[in-house]
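**Q** Okay, here's what each chain looks like letter by letter:
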Amino acid sequence: MAKEIISADRIDHTLWLGKVMLEELGEIVTEWDGVPDWERVDWSLEWEQFISFMRHDLDAAYKSKQMTSQQKEQYKELLSKLKEVAPILKKLNLSQPPALLAETV
Amino acid sequence: MSDVPGSMSSDINRLMLEAISRGWLPTAEELQQVLEHMARAGYDSDARERARGKLAGLNWQGRTLRGRDMLPPAEVHYLRHVIVQKEWPEGTTLEEYVQSIREAVLNPEAGVFVNRFENQEWQLSVVAPTGRWLGPRGREWTLVEYRLSIGHWVTAYQLSDTWDMIAGQPQRSDVRWLRR
Numbered sequence: 001m002a003k004e005i006i007s008a009d010r011i012d013h014t015l016w017l018g019k020v021m022l023e024e025l026g027e028i029v030t031e032w033d034g035v036p037d038w039e040r041v042d043w044s045l046e047w048e049q050f051i052s053f054m055r056h057d058l059d060a061a062y063k064s065k066q067m068t069s070q071q072k073e074q075y076k077e078l079l080s081k082l083k084e085v086a087p088i089l090k091k092l093n094l095s096q097p098p099a100l101l102a103e104t105v
Numbered sequence: 001m002s003d004v005p006g007s008m009s010s011d012i013n014r015l016m017l018e019a020i021s022r023g024w025l026p027t028a029e030e031l032q033q034v035l036e037h038m039a040r041a042g043y044d045s046d047a048r049e050r051a052r053g054k055l056a057g058l059n060w061q062g063r064t065l066r067g068r069d070m071l072p073p074a075e076v077h078y079l080r081h082v083i084v085q086k087e088w089p090e091g092t093t094l095e096e097y098v099q100s101i102r103e104a105v106l107n108p109e110a111g112v113f114v115n116r117f118e119n120q121e122w123q124l125s126v127v128a129p130t131g132r133w134l135g136p137r138g139r140e141w142t143l144v145e146y147r148l149s150i151g152h153w154v155t156a157y158q159l160s161d162t163w164d165m166i167a168g169q170p171q172r173s174d175v176r177w178l179r180r
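Quick note, the sequences are listed as chains A and B, same order. Position one of the first sequence corresponds to residue 1 (my numbering), numbered consecutively onward. Position one of the second sequence corresponds to residue 1 (my numbering), numbered consecutively onward.
The set of hints was computed from the structure by calculation and includes no laboratory data. Among the clues, some could well be false.
Here are the simulated distance ranges between beta carbons [what the hints assert, rightly or not]:
no.: 1; chain 1: B; residue 1: Gly131; chain 2: A; residue 2: Glu31; range: 34 to 40 Å
no.: 2; chain 1: B; residue 1: Arg132; chain 2: A; residue 2: Glu31; range: 37 to 43 Å
no.: 3; chain 1: B; residue 1: Asn119; chain 2: A; residue 2: Gly34; range: 16 to 22 Å
Over the 10 Å line for every Cβ pair with chain A, so calculated as not near, a few chain B residues [to be verified]:
no.: 4; residue: Ser10
no.: 5; residue: Leu15
no.: 6; residue: Glu18
no.: 7; residue: Ala28
no.: 8; residue: Gln32
no.: 9; residue: Glu36
no.: 10; residue: Ala39
no.: 11; residue: Arg40
no.: 12; residue: Gly62
no.: 13; residue: Gly91
no.: 14; residue: Thr92
no.: 15; residue: Leu94
no.: 16; residue: Glu96
no.: 17; residue: Gly131
no.: 18; residue: Asp164
no.: 19; residue: Val175
Think of the CB as a built atom: it goes at the ideal place given N, C-alpha and C, for glycine as much as any other residue.
Please model the entire structure based on the sequences and the hints provided.
**A** Next comes the structure, spelled out in structure tokens:
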């Protein structure tokens with residue numbers, strides 16, 4: 001099967017998104033019970049989209065060696081930060097990053 | 001964003017909620033009526049939602065947004081998914097974004113399932129081919145989430161996951177496909 005080309009823009013954007021989602025997670029976890037129900041659901045769904053992007057962009061690009069060395073470093077740093085917040089993700093019933101679950105990195 | 005009078009809309013919503021919670025499986029005609037109702041519902045124009053970090057620093061309607069700014073949900077989702085994440089084609093307007101969601105809901109090729117999110121309220125979820133609304137960072141499918149308790153869309157965005165992966169997200173329970 002032909003290797004799917006993942007653009008550098010897509011990889012960079014998902015790396016940026018990861019940083020922003022982690023910042024938003026740090027903020028929303030402190031106000032989780034006070035946020036309107038629909039807004040909490042909305043944010044959970046945003047998180048699921050980010051996890052989907054990780055799977056299709058970052059994990060796939062890493063495994064198929066399509067990342068630059070700088071992108072690889074940023075990806076590993078992102079995974080490390082995601083590992084640190086794993087207990088929060090579990091508490092809020094949010095998906096874990098697939099690479100962490102599979103321990104492929 | 002809805003063109004159905006408020007009281008009639010909430011009656012339809014209540015009936016849908018009762019029917020769905022009792023395990024109702026609609027006929028094709030009934031499903032079409034449900035989807036037309038969902039397509040009309042739109043985002044809640046009376047609600048306000050935090051812009052948060054993703055939109056911080058963005059210029060919108062003559063001002064620079066801060067994370068704590070409160071905006072109508074339609075604008076928040078438009079800015080996130082069309083302007084920042086470029087899931088929709090460059091130049092897509094807010095009105096076109098909303099119209100594209102209506103088209104997704106009414107797309108006869110879309111998968112439709114009901115589910116409870118966080119073991120609480122019922123949602124109607126539609127996964128449609130993105131088609132002509134595919135942007136530079138767009139994805140194969142457009143997901144639209146409608147929360148019955150509020151009678152409005154919660155979000156609409158693009159992703160590449162399979163229908164089963166979307167329906168299998170950890171927050172969802174009591175998943176029942178109405179069309180696939």
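**Q** Take the hints in turn and mark each one as holding or not.
**A** Taking the hints in turn, this is what the structure says about them:
Take B/Gly131 and A/Glu31: their Cβ atoms lie about 37 Å apart, and the range 34 to 40 Å holds. One distance hint, 37 to 43 Å for the beta-carbon pair B/Arg132 and A/Glu31, holds here, with the actual separation near 38 Å. Against the hinted window of 16 to 22 Å, the Cβ-Cβ separation of B/Asn119 and A/Gly34 comes to about 19 Å, which satisfies the hint. Distance to chain A confirms B/Ser10 as a non-interface residue, since its nearest Cβ pair spans about 15 Å, more than 10 Å.
Non-interface status of B/Leu15 relative to chain A is upheld: no Cβ of that chain comes within 10 Å, the nearest being about 20 Å off. Distance to chain A confirms B/Glu18 as a non-interface residue, since its nearest Cβ pair spans about 19 Å, more than 10 Å. At roughly 28 Å from the closest C-beta of chain A, the C-beta of B/Ala28 stays outside 10 Å, upholding its exclusion from the interface. Look at B/Gln32: its CB is around 25 Å from the nearest CB on chain A, clear of 10 Å, so calling it non-interface holds up.
Non-interface call for B/Glu36 relative to chain A: holds, since the shortest CB-CB distance, roughly 22 Å, exceeds 10 Å. No beta-carbon of chain A comes within 10 Å of the beta-carbon of B/Ala39; the shortest separation is about 18 Å. Once the 10 Å rule is applied to beta carbons, B/Arg40 is consistent with being away from chain A; the minimum gap is 18 Å. The beta carbon of B/Gly62 sits about 24 Å from the closest Cβ of chain A, which is more than 10 Å, so the claim that it is off the interface holds.
With 10 Å as the threshold on Cβ separation, the claim that B/Gly91 sits away from chain A holds: the shortest Cβ distance comes to roughly 18 Å. With a closest Cβ-Cβ approach of about 17 Å to chain A, B/Thr92 is found to remain outside the 10 Å limit, as its non-interface label requires. Here B/Leu94 stays apart from chain A, with its beta-carbon at least about 17 Å from theirs, past the 10 Å limit. In this structure B/Glu96 is separated from chain A by more than 10 Å, as the shortest Cβ-Cβ distance comes to about 20 Å.
Its beta-carbon lying about 19 Å from the closest one in chain A, B/Gly131 satisfies the requirement of being farther than 10 Å from that chain. Every CB of chain A is more than 10 Å from the CB of B/Asp164 (nearest about 13 Å), matching its label as outside the interface. A cut-off of 10 Å between C-beta atoms confirms that B/Val175 is not in contact with chain A; the least separation is 14 Å.
Checked against the numbered hints given earlier, the structure satisfies every one of them.
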